[in-house]
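Taken in order, these protein sequences are the chains called A and B.
Numbering-wise, numbering that gives the first Met the number 0 puts 373 at position 374 of the first sequence, and it's gapless, one number per residue.
Numbering-wise, numbering that gives the first Met the number 0 puts 60 at position 61 of the second sequence, and it's gapless, one number per residue.
Just so you know, these hints were derived from the structure itself, not from any lab.
Note that the coordinates shown come from a computational prediction; the quantities given were computed from them, not determined experimentally.
The C-beta atom is built at its ideal place from N, Cα and C for all residues, glycine as well.
Some clues are possibly wrong.
Restraint ranges, calculated between C-beta atoms of paired labels, are given here [to be verified]:
no., chain 1, residue 1, chain 2, residue 2, range
1, A, K633, B, R159, 49 to 57 Å
2, B, D58, A, K7, 41 to 49 Å
3, B, R85, A, V588, 40 to 48 Å
Sample of chain B residues facing chain A (criterion: CB under 10 Å; computed from the structure) [stated by the list, open to error]:
no., residue
4, S21
5, Y25
6, C45
7, A94
8, D98
9, Y106
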Amino acid sequence: MKFDTIGKPRRRVDGRAKATGQLRFADDLALPRMLHCKLLRSPHPHAQIESIDVSRAEKHPGVHLVLTGEQFPIPYGIMPVAQDEHALARERVRFVGDPVAAVVATDEQTAGAALGLIEVKYRPLATIASPEEALATPEPRIHDYGEQGNIHRNQSYEFGDVDQALAKSDHVFEDLFFYEGNTHLAMEQQASLASIEGDGKLLIQTSTQNPHYLHRQLARVLQMPAAHIRVIATPNGGGFGGKCDPGNHEFVVCKAALILGRPVKICLNREEVFYQHRGRHPVLMKFRTGVTKDGRLTAMHLQTLLDGGAYGSHGPASTFYTGVLTPVTYELPRFKFEACRTFTNKPACGPKRGHGTPQPRFGQEVQLDKIAEKLGLDPAELRLNMVTKADSLTASWLHIGSTGLAECIRKVVEMSGWKDKHRKLPPGRGVGLACSTYMCGAGVSIYWNKLPHSGVQLLLDRSGQVTVYCGATELGQGSDDVLAALIAEALGIDPSFIRCVTGDTATTPIDLGSYSSRVTIMMGNAALQAAGRVREQLAAAAAEQLDTLPERVRFSQGRVYAAEDPNKAMSFVEAVALAEGKFGTLGAVGSYSPPKAPGRYKGAGVGPSPAYSFSACVVETEVDPATGWITVPKIWIAHDIGQAINPVLARGQVIGGVYMGLGEALMEEQVFRRLPAKLSGALVHRTPSLLEYKSLTSLDMPEVEVALIEDPDPNCPYGAKEVGQGPLLPVMPALANAVFDAVGVRIDEVPITPDKVLHALEKKAKGEAPRVGPESFPAVPYPAPIFVLPPWEDGDGNEVKKNDASAVV
Amino acid sequence: MSAVPDRVHMTLRVNGEDLPVSFAPYKTLLEVLREDLNLTGTKHGCELGECGACAVLVDGEPLLSCLELAVECEGREIQTVEGLARGNELHPLQAAFADVGGSQCGYCTSGMLMTAKALLEREPAPSRERIKEAIAGNLCRCTGYQQIWESIEQAARVMREERE
Ligand code: FES
Ligand code: FES
Chain A
0 MKFDTIGKPR
10 RRVDGRAKAT
20 GQLRFADDLA
30 LPRMLHCKLL
40 RSPHPHAQIE
50 SIDVSRAEKH
60 PGVHLVLTGE
70 QFPIPYGIMP
80 VAQDEHALAR
90 ERVRFVGDPV
100 AAVVATDEQT
110 AGAALGLIEV
120 KYRPLATIAS
130 PEEALATPEP
140 RIHDYGEQGN
150 IHRNQSYEFG
160 DVDQALAKSD
170 HVFEDLFFYE
180 GNTHLAMEQQ
190 ASLASIEGDG
200 KLLIQTSTQN
210 PHYLHRQLAR
220 VLQMPAAHIR
230 VIATPNGGGF
240 GGKCDPGNHE
250 FVVCKAALIL
260 GRPVKICLNR
270 EEVFYQHRGR
280 HPVLMKFRTG
290 VTKDGRLTAM
300 HLQTLLDGGA
310 YGSHGPASTF
320 YTGVLTPVTY
330 ELPRFKFEAC
340 RTFTNKPACG
350 PKRGHGTPQP
360 RFGQEVQLDK
370 IAEKLGLDPA
380 ELRLNMVTKA
390 DSLTASWLHI
400 GSTGLAECIR
410 KVVEMSGWKD
420 KHRKLPPGRG
430 VGLACSTYMC
440 GAGVSIYWNK
450 LPHSGVQLLL
460 DRSGQVTVYC
470 GATELGQGSD
480 DVLAALIAEA
490 LGIDPSFIRC
500 VTGDTATTPI
510 DLGSYSSRVT
520 IMMGNAALQA
530 AGRVREQLAA
540 AAAEQLDTLP
550 ERVRFSQGRV
560 YAAEDPNKAM
570 SFVEAVALAE
580 GKFGTLGAVG
590 SYSPPKAPGR
600 YKGAGVGPSP
610 AYSFSACVVE
620 TEVDPATGWI
630 TVPKIWIAHD
640 IGQAINPVLA
650 RGQVIGGVYM
660 GLGEALMEEQ
670 VFRRLPAKLS
680 GALVHRTPSL
690 LEYKSLTSLD
700 MPEVEVALIE
710 DPDPNCPYGA
720 KEVGQGPLLP
730 VMPALANAVF
740 DAVGVRIDEV
750 PITPDKVLHA
760 LEKKAKGEAP
770 RVGPESFPAV
780 PYPAPIFVLP
790 PWEDGDGNEV
800 KKNDASAVV
Chain B
0 MSAVPDRVHM
10 TLRVNGEDLP
20 VSFAPYKTLL
30 EVLREDLNLT
40 GTKHGCELGE
50 CGACAVLVDG
60 EPLLSCLELA
70 VECEGREIQT
80 VEGLARGNEL
90 HPLQAAFADV
100 GGSQCGYCTS
110 GMLMTAKALL
120 EREPAPSRER
130 IKEAIAGNLC
140 RCTGYQQIWE
150 SIEQAARVMR
160 EERE
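Start from the sequences, fold in the hints, and give me the full structure.
Following this line, the structure appears as structure tokens:
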């Protein structure tokens, strides 16, 4: 297919505004009579609030309002099953940094000073610092809901009899892995400005990825009709999942603006952003994987244990995601997956780029490297021989549409010179390979409903201007550019003739938000439906004038012409005017809902997607045996994108994903320590600053060579699949595998730091197992599994009784 | 001890213009630019000198505006992203960042642009290594830096051609 716009490198539609500093982020906004808000946060990881005295703060000059949990009786949470947060804590604080009170004052300085005048009496409670402690300490409960004790979620699925298959396997590999938590670290700190508009309605302009979900939660917490609230998602200075959850501060400034009738702004400082968190869950994993002697998988039993932090957040989904995408890359006849999420007294974990899937992907791909090593196979060949097929089902009933995984592997092997390097480089140097997959949007919304996942509205007039409205939000990923490009292509005009109005609940149709890599596919399909409807009107009007049939009217390069004779033509602007004359004011809407998934068991809603992207990556390393220091000279990655819409942005997403993955692999960690007893013994964040939370700088970043594999997916707009999250996933295991190739030690833990490498090398020198990683997996009281037969064992996608099923097999 | 005044009044020279402004004396240059002069193109990611998002040029040198008191800046030549374009035409660095992926979310962009401008004024043809070093104090969470290096290289080429 030949395109005018799609697939051509082009300045992004918001490029100019970004390069001139004209783009207005939330903290760049100011309004007359604006007041400033600051939050008082708990110094205790777990405590009962006995009393709060705000009287001195209220009397402080310049203070307009002090709020506490009293004003927020109604809880919220991003997921309907986890409504466990209050904008300001009532009765209980659950981590160091939990917001307790808020001061609104003439400026930040005054608000900050008044925070010090609030007197809170706490009664400290026992602190739970890890999932192991959570399992061992059912009381005190951090929340009075959940499965039991301090277990938030606990689940088990079995697709075919896994023990039976493992018993029949030539080899069974059992491996433990640990993936440390880390955070998004978006450069923009969350900011919000709440005000009352002239019509008396509440407006919040805020850094959020999901204005629609925030809108619903605000209506609930503030007990107002949603129609009286307007949420504008300002352009986000990076999101990566960190601005998906509604934030305490958003409710607080809205409440304050409603009480005071004045604009109220807040901008979290960097330390507070670490407390807001919602980042990568620390996950302990156990894989038992059966293989044949020629290296094909027979079955896998995966167990995960998640450290959820103090609140539910997206946790119920995160828990699923530590397993549901595991069977998508390689043919896996049977699969058992048990997962448990615990509460701990730390900032809540949630969705970060790859949401729950990087952790098991790390384990799975490192284990495959061990399998290849043991069986004497090439890790690339091992994978190529068992990639899942297009239009197939997994044991867990996920439908895979298109796949370019084999092509990705072949490409990355070729680009990197893999065959001349793997097991062939001199000691201290190595290469590692890993693959991955990601969803193009979740098949099911966060709250259950039958409504469209994305809506787009188009407005055209005789000026030739096309305005497109959509609730999607710009995080930097380029959603406005995708929107403009798709409409431009469909109408045969330049993207510069399109004006995007996005992320505003008052003026744009609902889009669920910028998460789960759903925007290009869902917004895109809605946009193409709307554009198709408008095009029909334009074609009908133009056909009369061009003396041809409507279906023979073509749109390209700002012209509308007859297919049989391109000289029979008019400008796009003329065609719009004709159509406006014929039909009246021109506009159309489009919407999109994902196809229904084949799985019918309880829980089958998490994992299905209209399409899956695939990636393969090779990382090269140099490891200094004296210091354990890891240098990465180069990374090669091939990503199956279906079709790149703007290759500049697509490549940027791939490299940005690789960067973030490499940071997680080498250094990023959100970790905690206990203060000495004489200082309170509290569990505190070890590094809540940009300086100490290590991330890659320009000097640390290797060159990345990117190949975009384009095989258009029929479910996607012009075939375009996701690229925002997938390319992060293979980097961590590829790095771990490269370290093994370089110095023969296994670091079964992320991040892979010099001290761990040195420790493993010491063990190797002593003749011990050359490995650093978790040594044991605690006894987790997983429930009896929901048993489902895989499609190839006569299953129908429903749960069955395991014993009956075994009889069938 | 003499009393600290509530506000000071002075004239700051920003992007070639003399701007009279009064502000609380504890305010940083970042705060005065953003809050008192309404020049919000300069961003902040930490206000502790750790991220480079707030970089501006003072007397031609990159400076973290979150660490500089505005009262120290009287009589100095301050340049911000707002002054970069030539009339309505983008500076080659701005054009390159917009065209070749140097700006994703755009939040680090102003700091990157100003830092890069100082580099290219000193060194019209920097090597990639020099570019990497020059922006080592500017964190970017989106791009993985590569398209930023490429943007600076492209701008350097354009600027060299312009000079010829
Ligand atoms: S805001 Fe100045 S260095 Fe971060
Ligand atoms: S473009 Fe987003 S932080 Fe650099």
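Can you verify the interface hint for D98/B: is its Cβ closer than 10 Å to any Cβ in chain A?
Since chain A brings a Cβ to about 5 Å from D98/B, closer than 10 Å, the hint holds.
Against chain A, run the beta carbon of Y25/B and see if the smallest gap drops under 10 Å.
Given a least distance of 8 Å, the restraint on Y25/B holds.
Given A94/B as an interface hint, is its Cβ closer than 10 Å to any Cβ of chain A?
Hint on A94/B: holds, closest Cβ of chain A at ~7 Å, below 10 Å.
Report holds or violated for the interface hint on Y106/B, using the least CB-CB distance to chain A and a cut-off of 10 Å.
holds, 3 Å
Minimum Cβ distance from C45/B to chain A below 10 Å?
holds, 5 Å
Okay, D58/B versus K7/A on CB: inside 41 to 49 Å?
With Cβ atoms ~42 Å apart, the hint holds.
Can you let me know if the beta-carbon spacing of K633/A and R159/B is within 49 to 57 Å?
violated, 28 Å
Answer holds if the nearest beta-carbon of chain A is closer than 10 Å to that of S21/B; otherwise answer violated.
violated, 14 Å
Quick check on a hinted range of 40 to 48 Å for R85/B and V588/A, using CB atoms only.
About 42 Å separates the Cβ atoms of R85/B and V588/A, which means 40 to 48 Å holds.
Hint compliance for this structure: hints 1 and 4 are broken, all remaining hints hold.
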